[in-house]
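Using the sequences plus the hints, can you model the full thing?
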Amino acid sequence: GLGNPGPKYQHNRHNVGFVVVDRLLQESQSSDHSLTQGTELKFVFNKKFNAEIVQTNDYILAKPVTFMNESGLAVAQLCHFYKLKYENLYLVHDDLDIALGQYKIQHAKGPQVHYGVNSVEDRLGSGDFWRVRVGVENRKVRGNKGIAGVVYSLQDFESEEEKVMSGVIEKVVADLMSVVR
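Residue numbers (this note's numbering): 1 to 181.
Everything labelled a hint here was simulated from the structure, so no lab data went into it.
These figures come from a predicted structure and were not determined experimentally.
Wrong hints could be hidden among the right ones.
Stated by the list, open to error - Quick list of in silico lysine to aspartate or glutamate cross-link-like pairs, DMTMM-like style, CA-CA up to 25 Å: (1) Lys-42 x Glu-162; (2) Lys-85 x Glu-137; (3) Lys-104 x Glu-170; (4) Lys-109 x Glu-170; (5) Lys-83 x Asp-22; (6) Lys-42 x Glu-27; (7) Lys-145 x Glu-158; (8) Lys-163 x Glu-27; (9) Lys-104 x Glu-162; (10) Lys-171 x Glu-40; (11) Lys-8 x Asp-58; (12) Lys-104 x Asp-156; (13) Lys-85 x Asp-22; (14) Lys-109 x Glu-121.
Said to hold, decoys possible - Restraint-style ranges between C-beta atoms, simulated for each label pair: (15) Glu-158 x Lys-104: 32 to 38 Å; (16) Glu-162 x Asn-69: 22 to 28 Å; (17) Ser-30 x Val-141: 38 to 44 Å; (18) Gln-155 x His-107: 25 to 31 Å; (19) Gln-55 x Gln-112: 19 to 25 Å; (20) Gly-167 x Gly-125: 32 to 38 Å; (21) Leu-84 x Phe-43: 14 to 20 Å; (22) Asp-58 x Glu-158: 19 to 25 Å; (23) Asn-118 x Lys-163: 26 to 32 Å; (24) Val-141 x Val-180: 24 to 30 Å; (25) Leu-84 x Lys-163: 30 to 36 Å; (26) Val-179 x Leu-41: 15 to 21 Å; (27) Lys-42 x Leu-84: 34 to 40 Å; (28) Gly-167 x Ser-126: 28 to 34 Å.
Idealized CB from N, CA, C, for every residue including glycine.
Structure representation (structure tokens):
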């Protein structure tokens with residue numbers, strides 16, 4: 001999951017990736033068919049990967065503690081250490097090309113511009129991985145007359161937007177849990 005570390009960014013649109021992997025962990029522990037087999041798991045910082053990670057026998061959840069634009073450092077280190085095939089990598093991130101409340105899970109297709117995703121592609125030397133593109137676009141005016149994307153993505157969700165995001169995150173988590181199972 002991609003995002004920015006620290007409480008300042010916790011509720012930003014840009015941190016949707018972190019929110020989804022946090023919910024994935026909660027869901028896997030509360031599920032009747034728990035993949036964690038009753039084990040209490042939590043994210044732990046691993047200096048080697050520069051990320052908070054949770055590892056089970058079936059999957060690894062990670063939240064790079066680098067800032068968004070350097071996410072590829074942590075993702076590449078994790079992939080190389082665990083010998084993860086890129087086609088088994090699911091990168092969860094915000095997407096301004098998709099409307100708030102929508103999402104897409106696509107292989108090797110991403111947003112027009114996303115520096116976190118670009119960083120991952122550059123560090124892996126490949127774009128051959130899955131993107132979980134969670135829509136956060138809800139601006140009234142886009143482009144030169146509205147709020148710039150780089151500024152907008154670092155703003156917190158408004159209360160009505162949080163309600164919409166809660167619903168879409170549940171759908172994303174359900175889809176990703178079916179992949180893991």
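Assuming the hint says 22 to 28 Å, is it satisfied by the Cβ distance from Glu-162 to Asn-69 or not? holds (25 Å)
Given the hint of 15 to 21 Å, is the C-beta distance from Val-179 to Leu-41 inside that range or not? Since the Cβ atoms of Val-179 and Leu-41 sit about 18 Å apart, the hinted range of 15 to 21 Å holds.
Are the Cα positions of Lys-85 and Asp-22 separated by 25 Å at most? Within the cut-off at roughly 23 Å; holds.
Given the hint of 24 to 30 Å, is the C-beta distance from Val-141 to Val-180 inside that range or not? Since Val-141 and Val-180 have Cβ atoms about 39 Å apart, the given range 24 to 30 Å is violated.
Does Glu-158 lie within 25 Å of Lys-145 when you go C-alpha to C-alpha? At roughly 21 Å apart (the allowed maximum being 25 Å), Glu-158 and Lys-145 satisfy the hint.
For the range 26 to 32 Å, tell me whether the beta carbons of Asn-118 and Lys-163 fit it or not. Holds, since Asn-118 and Lys-163 (Cβ atoms, about 31 Å apart) stay within the stated range.
Regarding Glu-158 and Lys-104, is the given constraint of 32 to 38 Å on their beta-carbon distance met? Roughly 23 Å apart at Cβ, these two residues miss the hinted range, so it is violated.
Is the hinted pair Lys-104 and Glu-162 satisfied, with a Cα-Cα distance of at most 25 Å? holds (19 Å)
Range agreement (Cβ of Phe-43 with Cβ of Leu-84, hint 14 to 20 Å): Distance hint for Leu-84, Phe-43 holds at roughly 18 Å.
Is it true that Gln-55 and Gln-112 lie within 19 to 25 Å of each other by Cβ? The hinted range 19 to 25 Å is violated for Gln-55 and Gln-112, with Cβ atoms some 33 Å apart.
Straight-line alpha-carbon gap Lys-42 to Glu-162, limit 25 Å: Answer holds: Lys-42 to Glu-162 is near 24 Å, not above 25 Å.
Measure nothing beyond the straight line between the CA atoms of Lys-109 and Glu-121; if it is 25 Å or shorter, mark the hint as holding. At roughly 11 Å apart (the allowed maximum being 25 Å), Glu-121 and Lys-109 satisfy the hint.
Of the hints listed earlier, those the structure fails to meet are numbers 2, 11, 15, 19, 22, 24 and 27, in rising order.
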